[in-house]
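**Student:** Given the structure of chain S, go ahead and fit chain V onto it with the hints provided.
Chain by chain, the residues:
2 protein chains.
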Amino acid sequence: MEMKLPGQEEFEASSAPRNIPSGELDSNPGPGTGPSPDGPSDTESKELGVRKDPLLFIQLNELLGWPQALEWRETGRWVLFEEKLEVAAGRWSAPHVPTLALPSLQKLRSLLAEGLVLLDCPAQSLLELVEQVTRVESLSPELRGQLQALLLQRPQHYNQTTGTRPCWGSTHPRKASDKEEASLREQYQNPLRQKLPPGAEAGTVLAGELGFLAQPLGAFVRLRDPVVLGSLTEVSLPSRFFCLLLGPPMLGKGYHEMGRAAAVLLSDPQFQWSVRRASNLHDLLAALDAFLEEVTVLPPGRWDPTARIPPPKCLPSQHKRLPSQQREIRGPSGPRLTSAEDRHRHGLHAPSQELQRTGRLFGGLIQDVRRKAPWYPSDFLDALHLQCFSAVLYIYLATVTNAITFGGLLGDATDGAQGVLESFLGTAVAGAAFCLMAGQPLTILSSTGPVLVFERLLFSFSRDYSLDYLPFRLWVGIWVATFCLVLVATEASVLVRYFTRFTEEGFCALISLIFIYDAVGKMLNLTHTYPIQKPGSSTYGCLCQYPGPGGNDSQWIRTRPKDRDDIVSMDLGLINASLLPPPECTQQGGQPRGPGCHTVPDIAFFSLLLFLTSFFFAMALKCVKTSRFFPSVVRKGLSDFSSVLAILLGCGLDAFLGLATPKLMVPREFKPTLPGRGWLVSPFGTNPWWWSVAAALPALLLSILIFMDQQITAVILNRVEYRLQKGAGFHLDLFCVAVLMLLTSVLGLPWYVSATVISLAHMDSLRRESRACAPGELPNFLGIREQRLTGLVVFILTGASIFLAPVLKFIPMPVLYGIFLYMGVAALSSIQFTKRVKLLLMPAKHQPDLLLLRHVPLTRVHLFTAIQLVCLGLLWIIKSTPAAIIFPLMLLGLVGVRKALERVFSPQELLWLDELMPEEERSIPEKGLEPEHSFSGSDSEDSELMYQPKAPEINISVN
Amino acid sequence: MEMKLPGQEEFEASSAPRNIPSGELDSNPGPGTGPSPDGPSDTESKELGVRKDPLLFIQLNELLGWPQALEWRETGRWVLFEEKLEVAAGRWSAPHVPTLALPSLQKLRSLLAEGLVLLDCPAQSLLELVEQVTRVESLSPELRGQLQALLLQRPQHYNQTTGTRPCWGSTHPRKASDKEEASLREQYQNPLRQKLPPGAEAGTVLAGELGFLAQPLGAFVRLRDPVVLGSLTEVSLPSRFFCLLLGPPMLGKGYHEMGRAAAVLLSDPQFQWSVRRASNLHDLLAALDAFLEEVTVLPPGRWDPTARIPPPKCLPSQHKRLPSQQREIRGPSGPRLTSAEDRHRHGLHAPSQELQRTGRLFGGLIQDVRRKAPWYPSDFLDALHLQCFSAVLYIYLATVTNAITFGGLLGDATDGAQGVLESFLGTAVAGAAFCLMAGQPLTILSSTGPVLVFERLLFSFSRDYSLDYLPFRLWVGIWVATFCLVLVATEASVLVRYFTRFTEEGFCALISLIFIYDAVGKMLNLTHTYPIQKPGSSTYGCLCQYPGPGGNDSQWIRTRPKDRDDIVSMDLGLINASLLPPPECTQQGGQPRGPGCHTVPDIAFFSLLLFLTSFFFAMALKCVKTSRFFPSVVRKGLSDFSSVLAILLGCGLDAFLGLATPKLMVPREFKPTLPGRGWLVSPFGTNPWWWSVAAALPALLLSILIFMDQQITAVILNRVEYRLQKGAGFHLDLFCVAVLMLLTSVLGLPWYVSATVISLAHMDSLRRESRACAPGELPNFLGIREQRLTGLVVFILTGASIFLAPVLKFIPMPVLYGIFLYMGVAALSSIQFTKRVKLLLMPAKHQPDLLLLRHVPLTRVHLFTAIQLVCLGLLWIIKSTPAAIIFPLMLLGLVGVRKALERVFSPQELLWLDELMPEEERSIPEKGLEPEHSFSGSDSEDSELMYQPKAPEINISVN
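Taken in sequence, the protein lines are chains S and V. Our numbering puts the first sequence at residues 179 to 1137. Our numbering puts the second sequence at residues 179 to 1137.
In short, the hints are calculated from the structure, not lab data. Among the hints, erroneous ones may be present.
It does not matter which identical chain is meant; a pair holds if it fits inside one copy or across any two.
Taking lysine-lysine pairs in the DSBU-like style, the calculated list, with each CA pair at most 35 Å apart, reads [what the hints assert, rightly or not]:
#	residue 1	residue 2
1	K814	K841
2	K800	K1016
3	K373	K1016
4	K800	K431
5	K700	K841
Looking at chain S on its own, in the form it has when it is part of the complex (with noise of 0.2 Å):
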């Protein structure tokens, strides 16, 4: 007997660099995290090196219809989880989780202990193999006859091609070789077919109630070899496994059960093992009795055994239920598996070698190329799949659609020293060269909250000390590449490893609140541009007047009662005056004259109306994602374009009613922004030379920000959970980052970092995916396709936008700050901080059952939620006052404030509600992590669930 064994495949699997696996213990379903039951895919089961036996399909026949009309009639299937065919509506049901009756498993086990067990059965055909199993001394050779005739009947199978219901009792004289054509027919195009990966078997289960029987027949047969045993299964599969279950008839459904009973064994990963190995009648018993010891159990008056539960998203790790021979194998040869397992189990950034300080000038820098180089041909051979177009389609919208949002804001902030030219011609550039020379080419360049609000800060400071802006920008550039430089050499990026969930969180709650805060602050300011007229308001009446005789200026003036009110009534002392609209009046050589010639009416409830739709037409397209109706590709498509299709509605609503909404201003001509300038900014401009040392300070924490804003969204991506093959690279995208910052400084364009959102994004549509080979079996995440092309042609593409201004011009703002408002909501709802706020308002009785809740008590809980909101609301308070400019300093204070709740948390408290800091880290193993281990009958049920590792926390927007 060959014995493959199990450890084998996981020591091949761990030669490559970061392949941890965990898929098996996740459950989150965050955009890395597919859920991974111990599916049939073949890269996975390579990398748990679990198993590498065969999938097995397994189908129960009933035999139905005695004494009249005996046939064979699929009932059941199952591959992992059982589907049951609904005889009256004709189909198959929804995959789901088989239940057993306890009695049905004993019946079965004794039966098969009496009956006939043949383990390497060398038939090659369904006729050698009912030969063989009907050779049992208690059947009377006629009786034998009329068993291996009925064995040798064709099953109905349940046709789900032609979708008709089975022609159960169809008496229609058809030859038989007809039918078996079309039977064989049927069995190839059964969609199950292609779903089924090749190398697959099939094992039968036939059962039923033989009114000639005597006593109860039994028998389980393992083929030598699998065969194709005729139309005997509903997909053509080679047959391994064979097990009749016949008998006299009996009171309920006993057959039935039994069959089902025997089906669930056999689909039993744990049993498949067993029994594909099992030498004798003993081992196939030992093999049921294992399934029975671990089964679990639901008592009757709490449990209604007729419910049928849906897959679930996590299935236990089969690691555990590994026999001992097995296990003692793994054991020595899984020195690696034990740690990555440790890593996950304390839930922390890996502390990988790519964030090992080296201790040499630069050291971390010439790392990261040394690791990435080898892998430089293979970013661009990797990109060839189809998969990557569609991608390269949904980021570049992303990208425009931020381009477009960003510059518009920008131009707000820097009253128009900046704008979508630049915007766009810096996205174009920085992402371009960013996706050819970093350490992570997945991650995508924007414009990013943080630095658009510091942005702001910086201009309103140079305007209330009267600087130039962008030369005095240019020097705040310099010296932020230079502390960047700085930062590299230093190797300062190992530092990340303290930022932790905490840290993220806050950063990312304030960003969203800026986002949202910023979006309705501009929707509201509308209303002053554009007044509502309420009904005696002093916005009313307009007149044209035209500079004909008697009619000027001092007229108008002298004539104007002053004993009235002076702007609601005038009296009108001119004759040549229309009621013409301002606008065909100045057109017509006259004046507009009065309070309300510069009201627009019905606009600013016009922009709350586009700011409205926006907004939740883009907040429902998400949501299309997990809902019921459309096929999963319409689905995935409207809510991954949902910022875009937002638009596009707002747009269309505002071009239908035509209404003078304001609108995205984009430049005519390629020429920056600010008119008179060209594209080099000028070092000095007006400002006082010493400025250009001053700016250091501003560049400070710029830099502290800028290194924040980009490591933070670095950890992310690299999360373990992604499964990257290829390695982060820190040290080099912070050089790269440093190296843009110069040139777009000196070029006056925007400054990039990284953003976390449209960087997800990017990855989460590149996400390679096993096929689902089983009914109801949700795919297995593989890794992502990690390559430079896709980026590399969404920067060009977001170059080339630059001309669509013709197009862009039609944007209302109204719409794109319906846009700022989801993305800052999404934002907010997607982190774990917002989760615990909501809990606050939530009765203990009704808070969902996070494990977080299991394992911390409620006051710490909110404890720490009210630590963070107090956080928070400081920084809000710090960024309201002038001391705004120094907000990325306090962003750095979040991790000292982190260090400081060592004193108040335990580190198994902050285990769950954030994640440890190194040295927390190392306190453990000292402290002991889980002291109420020591009592046996606590917490230690949901240990499988506890490791599981967590999910990326932020995840915002088109994602």
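**Tutor:** Coordinates of chain V only, in the frame set by chain S:
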């Protein structure tokens, strides 16, 4: 041994008139069908007759801390479901279905089989009990002493009241008596104590490993008289069962799991029943084996045993699990039950005595009066309950909302012949009269959509023929009353059994669509009244002209240039003019002049905003009910008053901005809305006399409509699942409606019939429910507080609200339109038809696992839906043509279409898609309801689910 036979209670219960024990089969959480697990409620168990044993609270105390600091700690508790102490989090887990490992049950069995079993132990205190339990040969006297001391040690309970973590391991040297006192105080303050019903008993399982024992020690004790065993249990309850499971240390969590197994066993109703009656060890083990026979088994590879299953909404019936002696007793004594079950099985309206033809003129009416008369005093006495107060408030607000909205629409529809005042007055008079006289006083009379539609059609008809509307309407009313009396006399109401769900849904869908269409249409109409000012539109400019010297009309006209657009540009030849807004201009004695004087800007968009706001706000508030936030009282309040709150929000917004939106027109004094008419409508007016005869034709149509509208509501309200005790009065109700028809026609008030939505809301606010006695248990629905007082008070208050006019005039019309849209959408989304339409859009694999889809082929389901869609389309077309007035006839046609469907669909399919008509019902025994049941392996699995009564389908708006 005393055995109370469960069949006896049932006989007692069946003397109540409509006491149908259907609760156990309910599963849809419709308003009337609270899920009824085999809960411990007294009423329930009396009705069901299954069990009168007291409720059992089971607690697991574990021995932890071996060897240094042995102590007992409560780690789990059970009433219906399991609650586990989350040690680290210091809270009880959410109640969940307990899951066990099979080996632990088997180990428990062998430990009990070898251990000590004391049934009817006479111990009166913990000390006595401990002495009895430790009287085992295997123990040396020294060990016995140690064990006794250990068993008498006070266990640690988690203190739920104070919410603190249990002070386990605390070493404060407090006095034992202090501790004991504190412990007893905690026992009494335990919130669970108030939840558990009086008479509840406790069972305690003590489990753990004890190093000094050489072999396992198992003991099971049933106390003869339940006694409080000190602070053994968390709650101060008399203990009935005591189970001890101790032994030498073994691998894993053996004793913990065994203890859980014992606790779960004890919490099983069937095991409890058996073990309370067990007389020896054999009986105990037999009960355990019976439990094992019925457990549900989940395979280990497909189910994570650590996952917690939330309590199911529907528990399996315990009837099936009754031991044979119980079943035998039930069999003969329950013929009534069998017929009731049968009725459920067929999902029919109860063909009860109320709907049986007497064959005499007015026979049904007389019977109704006879049936209801004895209940009349109790109809007032039963209202003396606090719940009725909140019901009055809720229904009053809903009624007033309805009166306002329908009044506004009626004013629109009849061009002011009727209005809000009539609506209030009519609602109050008709409603109060109906509540006093009707057969089903829970019904709330109201204007309804169908009648409103008909009234509109009647008005346009009479306008087309230049008729005096109110006199013509009077004659229609007289004829309708006559026809209805004929229907009462001929007992036509028994025909309601032909109104199946098909008819109800067609009716409801049409009305909902009309609501939606009207609401949106009226909203869009506002944009014509208040046009949007586009750039270049012709509605710009307005002057105020004073009749001063040189300024008069002729001059205005004379100076208008002829060669140019005559509206946009008018040269002014005026001296005395100003830009005063039109109202002020008129006040000053001037005249507003110009095309822009009649436009009010911003109103259209603001109205749209109000419309959308009130619609979405009402929808959102309705969803609050099922959210996790806020205590349930707050949630219920918010969702119950969703439309009121939405109206208030809309009014607040409107008042805040102070724009001149169109408001609800209310009369300033108490007189008919139509100027110049008295309260009594003159019988002829200006109409020719023969119109009073011709009115019979529209009256015939209206009679059909009234009959259908009234009786469909009545059928829904009197459904079996509401468990009404006092019976229905279909004939009497129709009689009342006829009389009121006459009265309202004479007074020129709107016509009234039963309103489904608001009546259901009324019943819902009066539902009696058992208190939830156990964590995780859902309250049982016991019935409705049937009385006449709440309705009466509601209508008296409504009448008094006529004087609310000064407040009502602030309600903007767009807000009311928004509420109407909400009512239409809510009604449409509640019917099964909508669910089936949604199925059309879902790929088969994403469809929910509806029972319907398990039993009817998808193509047949879609065909049925398509037929309904076509019917609806035809009705809509008819409603939109000049033949609209015959649409009641077409509604009746739905019954015919449904009858014709018998030729297309089999009775089984109709049973699932609809209900059966009387004839079909009769045909079923011959045809065989479920032919597929002849095949053993088919659908009998969900037989239990199949017999659940259908939940009411129409369940609209406020409810």
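**Student:** Evaluate each hint against the coordinates.
**Tutor:** Here's how the hints hold up against the structure:
{"no.": "1", "hint": "K814 <-> K841", "in the structure": "within (30 Å within a copy, 45 Å between copies)"}
{"no.": "2", "hint": "K800 <-> K1016", "in the structure": "both (21 Å within a copy, 19 Å between copies)"}
{"no.": "3", "hint": "K373 <-> K1016", "in the structure": "between (42 Å within a copy, 28 Å between copies)"}
{"no.": "4", "hint": "K800 <-> K431", "in the structure": "neither (47 Å within a copy, 46 Å between copies)"}
{"no.": "5", "hint": "K700 <-> K841", "in the structure": "both (13 Å within a copy, 31 Å between copies)"}
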